[in-house]
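Taken in order, these protein sequences are the chains called A and B. First residue of the first sequence? That's 37 in this note's numbering, and the numbers climb one at a time after it. First residue of the second sequence? That's 165 in this note's numbering, and the numbers climb one at a time after it.
By construction, these hints were calculated from the structure, which means they are not laboratory data. Some hints could be false.
Per label pair, the in silico range of CB-to-CB distance [claimed, not checked]:
hint : chain 1 : residue 1 : chain 2 : residue 2 : range
1    : B       : D249      : A       : L368      : 52 to 58 Å
2    : A       : D165      : B       : K180      : 42 to 48 Å
3    : A       : R219      : B       : G204      : 20 to 26 Å
4    : B       : R222      : A       : R202      : 26 to 32 Å
5    : B       : S267      : A       : A194      : 50 to 56 Å
6    : A       : R59       : B       : A191      : 54 to 60 Å
Here are the simulated lysine to any residue pairs, SDA-like style, with alpha carbons at most 20 Å apart [unchecked claim]:
hint : chain 1 : residue 1 : chain 2 : residue 2
7    : A       : K198      : A       : A210
8    : A       : K183      : A       : P162
9    : A       : K206      : A       : V96
10   : A       : K206      : B       : A255
11   : A       : K206      : B       : V223
12   : A       : K206      : B       : S278
Computed from a prediction, not measured in an experiment: that's the story for all the values here. A virtual CB, placed ideally from N, CA and C, is assigned to each residue, including glycine.
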Amino acid sequence: MSFPEGDAQAHDDVRKTADAVARRSYGKLVAFLAARTRDVAAAEDALSEAFAAALADWPVRGCPENPEGWLLTVARRKVIDMFRGRRRHELAGEQLRVLAEGLDAAATDVQIPDHRLALMFACAHPAIDAAVRAPLILQVVLGLDAKTIASAFLTSPAAMSKRLGRAKDKIRQAGIPFSVPEREELPDRLDTVLDAIYAAFTEGWTDPGGTDVARRDLTEEAMFLARLVTELLSAEPEALGLLALMLHAEARRHARRNRHGDYVPLAEQDPALWDSQMIDEAEALLRRASALGSIGRYQLEGALQSAHVYRCRTGRANWAEVVQLYDALFGLVGSPVVAINRALAIAEVHGASTALAAMQEVAADGRLAEYQPYWAARAELLAKTGAHAEARRAYEIAIGLERDASVRRFLQLRQSALAP
Amino acid sequence: MQYLLMLYAEEAGWNKLTKAEQEQGVAAYRAYTEALTKAGVLKGSNRLQPTSAATTVRVASGKPQVLDGPYVESKEQIGGYYLIDVADLDAAISWASRCPGASHGVVEVRPTWSMPA
Chain A
37 MSFPEGDAQA HDDVRKTADA VARRSYGKLV AFLAARTRDV AAAEDALSEA FAAALADWPV
97 RGCPENPEGW LLTVARRKVI DMFRGRRRHE LAGEQLRVLA EGLDAAATDV QIPDHRLALM
157 FACAHPAIDA AVRAPLILQV VLGLDAKTIA SAFLTSPAAM SKRLGRAKDK IRQAGIPFSV
217 PEREELPDRL DTVLDAIYAA FTEGWTDPGG TDVARRDLTE EAMFLARLVT ELLSAEPEAL
277 GLLALMLHAE ARRHARRNRH GDYVPLAEQD PALWDSQMID EAEALLRRAS ALGSIGRYQL
337 EGALQSAHVY RCRTGRANWA EVVQLYDALF GLVGSPVVAI NRALAIAEVH GASTALAAMQ
397 EVAADGRLAE YQPYWAARAE LLAKTGAHAE ARRAYEIAIG LERDASVRRF LQLRQSALAP
Chain B
165 MQYLLMLYAE EAGWNKLTKA EQEQGVAAYR AYTEALTKAG VLKGSNRLQP TSAATTVRVA
225 SGKPQVLDGP YVESKEQIGG YYLIDVADLD AAISWASRCP GASHGVVEVR PTWSMPA
């Protein structure tokens, strides 16, 4: 189908408006429909049909004054039709009527209420398989497609689609509520939401050079979600802590690679390359969080970032403080990752032998056999104690486990720098 | 929404308890049932006799096969159930966590299909 010159332009403008509305409002619209119907997949389908209808109608009749309201009206109708069509055995006639009325009443509001937080709590509910919470939030709240999400999480699009579908079915069938939890449960339940958002962020972050477009976007999307949560739950210190942690990590993106594309570890980075605006914002968030008086994992991780930044900028060693922070973090999280980083900090204060002993405490964890940072840390510590042959072997394993070519090169350089 | 709370536990566990512990257990279940009733959410409940009293029935090619014992051979067996009617999964989980069975065994929470009016 071809458009005459003027129409092509109009079509283009409509496309741009639709894209802008999608970016801004997709999550809100899905959340609104899903919360009312308890059916996430139906909400997504109805909305995508509404967007398709917009792309057909708006070039002809012009963009509506309230594009969100227009889309919601169309999507609503489609949802009700869907329900009438296929839900006879699941929904009593009475329930269907109540549902339809609820959608009608709510859609006459000028401002569409924001249920995105409730949607995120549903997606990160304990009853949802932990591995699918992050992908689910990314798809449902941000509209990312299964293909994009799948490659970031190293699965096939087909496998990812299936798991996302099952999760949405679970939400509907098991009656997972769309609501922000009550005060007593909020901190725990919020942790699962934050963990899911952080998982998405770290998936994007395994591409520190930012060369893999799909993954870099994931980092941005995760930060958007973290920011959204801090806006919707501004008095929750852990939400503030998570955003601060992400900002600190993002602030150093350009310093992690030199102009040859080589990996640059933190200790060797040039602080002038860091984004100081992001760092300032992170620090402000951490101050706000600590004023709320309830320490948690993400605040501690943020505080650690803060300590590293201070040391690199001022040259003043603060390793004793860093060890204390890792002690506190290990008490909360107790993961091998934390143990490894704690050991490296201990090495700065008490020497490499003590650090190696500290790492032995977690060495029994089977997951470490495939964890590159464990072997890289071990290699570094062994090298410091003079056990060069063992250090070389540990570097070998680390190199074999590393996916990123420039990090491999870095490890290889360290390995060959060891005296024989 | 209606949910069936299925209580799984090691059957031998009950007999290993002292008389006093057993009395405590019975009292705990009685209190739990009372709480469910008071809240108006209890639709049914029962304690099942042990798997030594179980019989498995299967019909294959039109012929009934009757076997002695439970369907699944496992350490934990279902010992009782509660059928409750609550607003959503969180409410069902909340009740399940208060069930004495959740402390010495496992409670499975599953929604029922709702019947058309």
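Hints, verified against the model:
1. For B/D249 and A/L368, the hinted distance range of 52 to 58 Å is not satisfied, since their beta carbons lie about 38 Å from each other.
2. A hinted range of 42 to 48 Å for the beta carbons of A/D165 and B/K180 is inconsistent with their spacing of about 35 Å.
3. Checked against the hint of 20 to 26 Å, the pair A/R219 and B/G204 passes, with Cβ atoms roughly 24 Å apart.
4. Take B/R222 and A/R202: their Cβ atoms lie about 29 Å apart, and the range 26 to 32 Å holds.
5. The beta-carbon spacing between B/S267 and A/A194, approximately 41 Å, falls outside the hinted interval of 50 to 56 Å.
6. At roughly 59 Å, the beta-carbon separation of A/R59 and B/A191 lies within the given 54 to 60 Å, and the hint holds.
7. In summary, the hint linking A/K198 to A/A210 is supported, as the alpha carbons are separated by about 18 Å, within the 20 Å threshold.
8. Proximity of A/K183 to A/P162 is assessed by CA-CA distance (about 25 Å); at most 20 Å being required, the pair is judged violated.
9. With a CA separation close to 40 Å, the supplied pair A/K206 and A/V96 exceeds the 20 Å bound.
10. About 16 Å separates the Cα atoms of A/K206 and B/A255, which keeps this hinted pair within 20 Å; it holds.
11. Proximity of A/K206 to B/V223 is assessed by CA-CA distance (about 31 Å); at most 20 Å being required, the pair is judged violated.
12. Pair hint A/K206 plus B/S278 holds up; C-alpha atoms about 15 Å apart against a cutoff of 20 Å.
Comparing the model with each numbered hint stated earlier shows that hints 1, 2, 5, 8, 9, 11 do not hold.
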